[in-house]
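Asks: Read off the chains here:
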Amino acid sequence: MDYFFIGTSLIKIVCLLGFVLGLMNYAVYAERRVSALIQDRLGPNRVGPAGLLQPIADAGKFLLKEQFTPAHVNKLYYWLAPCLAMVPPVITIAVVPFGSTLFGVPMVIADINVGILFVFAIASLGVYGIVLGGWASNSKYPFLGGVRSSSQMISYELSLGLAVIPIFLLVGNLRLTSVVQYQIDHGWLIAPFIGDWTNLGKWLLAIPMFISFLVFIIAVLAETNRLPFDLPEAEQELAGGYHTEYASMKFGLFFLGEYIAMITGSGIIVTLFFGGWHLPGIPDGSHGWIFGLINIAVFFAKVAALIFLFMWVRWTLPRFRWDQLMRLGWLFFFEIALVNIFVVAIILIYFHL
Amino acid sequence: MSVFLFWIFALMMLVFGVAVVINRNPVASALSLVVSFLALAALFMSLDAYFIGIIQVLVYAGAIMVLFLFIIMLLDLRAEELRKINWVASAGGLAVALALMVQIFAVIGRFSLAKQTFPSLAKSTSDDVHRIGLLLFDNYNLPFQIIGVVILVATIGAVMLSRRETR
Amino acid sequence: MAITVPRPNLNWRERMFLPAIAAGLLITLKHFKNMILRRTKVTMEYPEEKWDPNLPEHYRGAPALVRDTDGRVRCVACQLCEFICPPRAIKIIPGEISKTDRFAKVEKYPEEFDIDMVRCIFCGMCEEVCPEQAIYLRKDYAITGFTREDMMHHKDKLLEIGGVMHGVVLKWNEKK
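Chains A, B and C are the protein sequences, given in the same order. The first sequence begins at 30 in the working numbering and counts up by one. The second sequence begins at 67 in the working numbering and counts up by one. The third sequence begins at 6 in the working numbering and counts up by one.
To be clear, the hints were calculated from the coordinates, so they are not data collected in a lab. There's no promise every hint is true.
[To be verified] Chain B regions said to be covered by chain A (calculated; three or more residues, Cβ under 8 angstroms): (1) 93 to 103; (2) 121 to 129; (3) 132 to 139; (4) 193 to 204.
[What the hints assert, rightly or not] Facing chain B, a subset of chain A residues (Cβ under 7 angstroms, in silico): (5) 141; (6) 150; (7) 156; (8) 164.
No residue lacks a Cβ here, since even glycine has one placed at the ideal position from N, Cα and C.
Bound-form chain A, shown alone (with noise of 0.2 angstroms):
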């Protein structure tokens, strides 16, 4: 028994756990505000200093208000349902790795060689959650929502999959870190002509990889149920879609395994697209801890941004049709993403890249 491995671990289990269920409070907060100034008002700026302990104010309210269970649902899937919304997309970001080391400790939860498959596959159970949460609910609405997420999540799947093939062509590892550590070798991925100004492969390569950038990024906006693809909640047609018999902190898992989701899928594109914890300039934590500390901050900083970008796509555009969404995922996407597939190959082959 390796105890030191052991201890380390659980140390950087709690503090991420710790720091992600509070990044994604403030998640809510952030959304708040930017949707808010998005659309010319000022959101919640009143508990606390510019209304930062707003997220601890919620939090209250939802354990606060009464535990309410229709009468008419199915209990145990009932009560399940927002349980397995929440996890799935927790355990997403144990391999993810959101630092280089520190005091020579990797800082990656579970580096295991199937990294980015493991992320599909536990997400690919987060939809779970909503179908159980819409089937249980016995009511017609959030079942029509359950529906809609089990084939939003399914067809968006496979763009998903097909996206992150040209990264792996590339990098040829499934490993997150040997990713990042590509990315560090060779320049990020949204832009592999850094560094190498003169290769003619990498500036073409550049072109199908910000196809797979953003089919990957749409796609993840699909997964998490986000706006141009919230079908499965669709207020204005489902009623609050699959949530809608949910209450109290029933409903609070449901609404914060959306922004966990959103955090890790952040999380996910950072580590292949955009070099991980790495920024040209800075060394990795093998030069004193203060930078373990910096690499770990720019992670964070990055996925910040991309949360950013999550909310600001969301307050811009409105959602898709059901027959858009899916003729766009299976007709568009999915083609899209597999030519990309084979060009990225070419241009490997071509260049000898």
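Use these hints to put chains B and C onto chain A, whose structure you have.
Replies: Relative to the frame of chain A, chains B and C by itself:
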């Protein structure tokens, strides 16, 4: 430690596997199957076969069972729960299952390879993703391609069958 | 009869939708930036900032009783407002003015004049019906209280809100 985990997950897999059969509610059955798959994936991972384990979760628990659940939820579950149990058929099924189990035990008991312990995968230098990839695309390239074509044919067939007639 | 709206024919660039999405994102970003830089100012943060100086003359706030320049409560307890009040928020108990008083010929005065601000709908009918122009709707709107009793405006409170009204009706003056 890992023996302990093995027993936990093996027991979990079996209990939920039985639950798939004995649950009257199809949704409960489907969810039990999902838990069973997850436990199976955990068993694969305890053998250091991360790729197989993850694919188990990704494909079976994440995609196929979601589609199953999707269909099951559209059924009339009350009719399913009211159906009477045919005890004779159940007993017959149980007997067949027991007979099969006895057979499997008998075969495995005589199988000499089953008595040796295999070398652990963790000691190998390359990881299992590479090995499976090399195996699929080098040794079994042709069968792999043929399976791909068969699945493509099946997909096209399904699309053709489900297509509405347009004038 | 249904009107068929022809769908516009989009060229390939429009059908990509990406330029349109980018344009939309830029618009929202502009709003965001202007809010951050405090260039747009729409919201008024109420308890700190008030709009009170800009309230229009015809603003209908809390009803109040007024005194005239002689310091007399103008109300003569005719109870018209009590009858007209749609939510029946007003309750008046009239009293008689003693014969020795300077305003003996007014005869009546309100011994008690209660307006239940929980009920009041700020319609202004009391002001309109008052023959003495004794009740006015003032610009007070922040009427709060922790109990129902707090929300009951008694005579002294009403007079405090109302203050002294100059001019207008002077028909009970000595000169007349």
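Asks: Each hint should be assessed against the structure and marked as holding or not.
Replies: Results of checking the hints against the structure:
For the region 93 to 103 of chain B, the assignment as covered by chain A holds, since 3 residues bring a beta-carbon within under 8 angstroms of that chain's beta-carbons and 3 suffice. Using a Cβ-Cβ cut-off of 8 angstroms, 6 residues of the region 121 to 129 of chain B lie near chain A, which meets the minimum of three, so the contact claim holds. With 5 residues carrying a beta carbon less than 8 angstroms from a beta carbon of chain A, the region 132 to 139 of chain B meets the three-residue requirement, and the given coverage holds. By the rule of at least three residues with a Cβ nearer than 8 angstroms to a Cβ of chain A, the coverage given for the region 193 to 204 of chain B holds, with 3 such residues.
Taking 7 angstroms as the C-beta contact cut-off toward chain B, the hint placing residue 141(A) at the interface holds, the least distance being around 6 angstroms. Given the 7 angstroms rule on beta carbons, the hint for residue 150(A) holds: about 4 angstroms separates it from the nearest Cβ of chain B. At its closest, the beta carbon of residue 156(A) sits 6 angstroms from a beta carbon of chain B; the interface hint therefore holds under the 7 angstroms criterion. The interface hint given for residue 164(A) is met, as the beta carbon of that residue sits about 5 angstroms from the closest beta carbon of chain B, less than 7 angstroms.
Checked against the numbered hints listed earlier, the structure breaks none of them; every hint is satisfied.
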